[in-house]
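Participant: The sequence shown runs 1 to 91 under the working numbering.
The reader is advised that the hints may include incorrect statements.
Unchecked claim - With a cut-off of at most 30 Å between alpha-carbon atoms, the simulated DSBU-like pairs for lysine-lysine come out as follows:
1) K52 - K13
2) K91 - K13
3) K3 - K19
4) K19 - K9
To be verified - Listed next, with one range per pair, are the computed distances between beta-carbon atoms:
5) A36 - T85: 32 to 40 Å
6) P82 - A36: 40 to 48 Å
7) A57 - Q21: 19 to 27 Å
8) S50 - K9: 34 to 42 Å
In case anyone wonders, no lab produced these hints; they're calculated from the structure.
All residues carry an ideal CB built from backbone N, CA and C; glycine is no exception.
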Amino acid sequence: MTKAEFVEKLFAKANLASKSQAETVLESTIETITEALMDGDSVVFTGFGSFKVVERAARKGRNPRTGEEIEIAATKVVKFTPGKTLKEVVK
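Input sequences plus hints: build the corresponding full structure.
Facilitator: Right, here's the structure in full:
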């Protein structure tokens, strides 16, 4: 599903006044989640899932082209863990 298709469904399900209003709601939601993750908070939607930032340790890897061993730096990544309800619906 693309962002445009998602906005279309959001517009229809939420009975919003316009598609631009639906897009604003979506953009605001994404922005709010992003800001919370940047601040180090986790975002939990009970039944749906949770987003949190985790630290990935430095590790060794290989350049697939040359086979040379390289050092991959430590970094932070966003992790999504699906909730129980979402897991059951998808099965």
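Participant: Please list, smallest to largest, the hint numbers that this structure does not respect.
Facilitator: 5, 6, 7, 8
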